[in-house]
Amino acid sequence: MIGNMASRLDEKVGYVGAAAVVICLACGSQNAENGSGLSGTIHADGSSTVFPIAEAVAEEFQGEHPGIRVTVGISGTGGGFKKFTVGETDINNASRTIKSSEIALATENGIDFIELPVAFDGISILVNSKNDFVDSMTVAELKKIWHPESTVKKWSDVRRGWPNKRINLYGPGTDSGTFDYFTKAINGEERACRADFTASEDDNVLVQGIAGDENAMGYIGYAYYAENKSILKVVPIETEAGPVAPSVETINNGTYQPLSRPIFIYVTTKAAERPEVDVFVKYYIENAGALVTEVGYVPLPEEVYQLVLGRFENRTTGSAFLGKKTVGVDLVDILSSSQQLGP
Amino acid sequence: MTNGSPENTAGLPLNKTRFQWKEETIRGALFLCAILSVATTLSIMAVLATEAFTFFENVSLSEFLLGKKWTPLLVPRSFGVLPLICGTLLIVAGAALIALPVGLATAIYLGEYAPGRIRSIVKPVLEVLAGIPTVVYGYFALTFITPLLRSVFPSTQIFNAASASIVVSIMVLPMVASLCDDSLRAVPLPLRQGAYALGATSFEVTTRVVVPASLSGVIASFVLALSRAIGETMAVALAAGATPRMTLNPLESIQTMTAYIVQVSLGDTPAGSVEYQTIFAVAALLFVITLMMNVIAHHVLRRFREVYE
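Chains as they are written, first to last, in this note's numbering: chain A, 1081 to 1423; chain B, 8 to 316.
Take every hint as true, because none was put in to throw you off.
Quick partial rundown of chain A residues pointing at chain B, CB under 8 angstroms, derived from the structure:
1. Gly-1159
2. Ser-1181
3. Pro-1228
4. Thr-1254
5. Glu-1269
6. Arg-1271
7. Ala-1272
8. Cys-1273
9. Phe-1277
10. Gly-1289
Residues of chain A clear of chain B, computed beta-carbon distances all greater than 12 angstroms:
11. Ala-1136
12. Gly-1147
13. Lys-1224
14. Arg-1239
Treat the hints as calculated values from the structure; they're not laboratory data.
Quick reminder that beta carbons are idealized off the backbone N, C-alpha and C, glycines included.
This is chain B alone, in the form it adopts within the complex:
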């Protein structure tokens, strides 16, 4: 014992530096992991910016943003991106129309009404829905939903925005439901109990107290779902078609920004040509739009946040 303690005191500073060195290494490694995603984002932005810049040397920004005709692969070429934006918005609007109300309603049901057993079944099933590959959704739309739509509306084209919208809504539904569910559950129990004590019905408690109290989370989930719908690629490339056109008719074939990028990336467009650079311009625009949506979601979360402590 007495022999051991001097040894220990002698070894302590050495041990400490080795210990510190180890800590430093771990800290550094973790920092590298964290910086990796930041670096990836920055390099993607740099590539998009430089490639888009070369594109805009050939095509003016106003022609790109205001032109109503998108035919970079045809003769004569035309670089108006509005038809692609229009197609994307048509898909997003359709998906939002279905996914947002149904998602919120699902969350309300699961959080406020459903008995524990049903909740324990529905929640995992919703999560399975989120795990289905989007290419499967695309084929589901093409081979199941489109024929269904055609039997109801005979004028439906074989590729159409409606069936793509429907599958995109199914795709983002679990996200809306699960995020809404989280924010509804974050509302403290005393708030509900207070409302019940005042004689409110379940419905009144939900619509007047719980949902308003969790509004920030609900809206943020909506915005995130919309931004996911904007970026959705595989299903719309398969089911919505490759016809860039300004239309509000969901039964027609359209093309979204993402589907256009797929078409050019897989096709025979020679790299380095203006036609090829269009995909970087479109991707940059897509990036700006989804970035804006995420910033909005972030602000909404902070602005409307009700803090109960």
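Same shape as in the complex, but just chain A:
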């Protein structure tokens, strides 16, 4: 009798348990319909500067949507656009805005794209951590070192009082958006640069190079500096208000000039029609704020992320920055003015 009761109780518990499982399964399947039910592969490529953000977003996203695979390549901004404009990739990470020649190529191949700023970067000027004489540099001095006809071979050529030692230069290669941006901001013309510097598309190689060479000087994206603060020395840039070093604060409030810049992702409209890409890009914009900080970049103001999300939802195509300077821009102005032009 007692045994019977117990077994009945068991049965009851069993039913309840089963019901709970069914409810849970229902939750699960509902979740799946919202996201995890999607499958497919999203191909992203492009800038090594933007890569840490893209990688962080992709990782988080794939955790929540196990059916979707996101591949992130590093070909440099230009190298990435080369694939993007022929439709080989869905998303291009870019540390500069798209060029008119690249837009022409995209149009030729029937590719429409949506341009989405995702964070701020401050290109950081770096020297070896054992370097004890460089405390700041002016933009003029940077230009003196890096311009195409530069004859600077030693530190003493840059500023009187600096030692008579060789200066070894490190910088991103010619496929890099950071290279394009730096040459434009410092030398006045994109790609105008001396040739005899150690170039690599891989920022980690540059970090290793500068960290291991006492006479080194170079520049890389802020996140790679932030990650390697202990082995590198950053050089503040002289402004009217005194020397300013890149930091979350100075990049965000625009005092780190002229090397602060927005960084972007570009999505083809064709890819955006695919539900997995749509979900991914929305996830990207909604979570960029937190993840950007995590990998060492500076998030855009919340207001701007809202504008960016609107831009994606409206499928606003084309570049808002064409023919405009991205040096020290107000993103709210540019994005909201181009928003009105959108469909």
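Fit chain B to the known structure of chain A by using the hints.
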């Protein structure tokens, strides 16, 4: 038996034509296979020539061959190929300095001195060395040899010609050793025996008789190794850097012709632009250089050949 033979004689001409037809087909197929490589070479030459020709419509041949500044991807552009040639030669010279003597010495040891057991171990290991993908050599240079060099010479740059030279020398070493070994072994035994009979030591037999007798093969192996070193791409692209510069300092970052072609092919240079055509001009130059080396090797083989029959 008697029934069968008339049938046979009747069938013979038919069989013969079918047989001939089959032979012809096989001959034709084999000929096609043989012509394939010739056709490939010719079409590559044609593509290089036409593309290089369009390049030289924009840039004069003298600017290309004599200019001392190579900055096609920068502003202002400059198309002097000498820094790339200089970088290539630096790598080849470094590799030759190591691989040729060590390769020949290895061959001499294996052919003249080594007991059979050691030979049976060393030879396969050398062949394994030849089978390692060059990209692995590149990373080996970047992550192992360069740090080693930096601990000895602190001024070594992270990309440098020396570490690339070293791995290229390791790469061509098996080729030198194995080709030298073949030509040393081709020297007939009586020649050695004669020298020994005159009271020569092993060393004298090797240096005075065997090596001179196989000189053509040894030199040809050297030339082939050099031409392989000139064309080596992946390891130098990874380890030697992307800085075209006229320097003889092996501790600095340089760029070879092959590494430049890699850089442009993988990068964002728009196809059809002058910058893009540079790779065909550089490739044509590379082709001419290695072709010349191979012709030289061929001549050396014929000229210095000692025939013992």
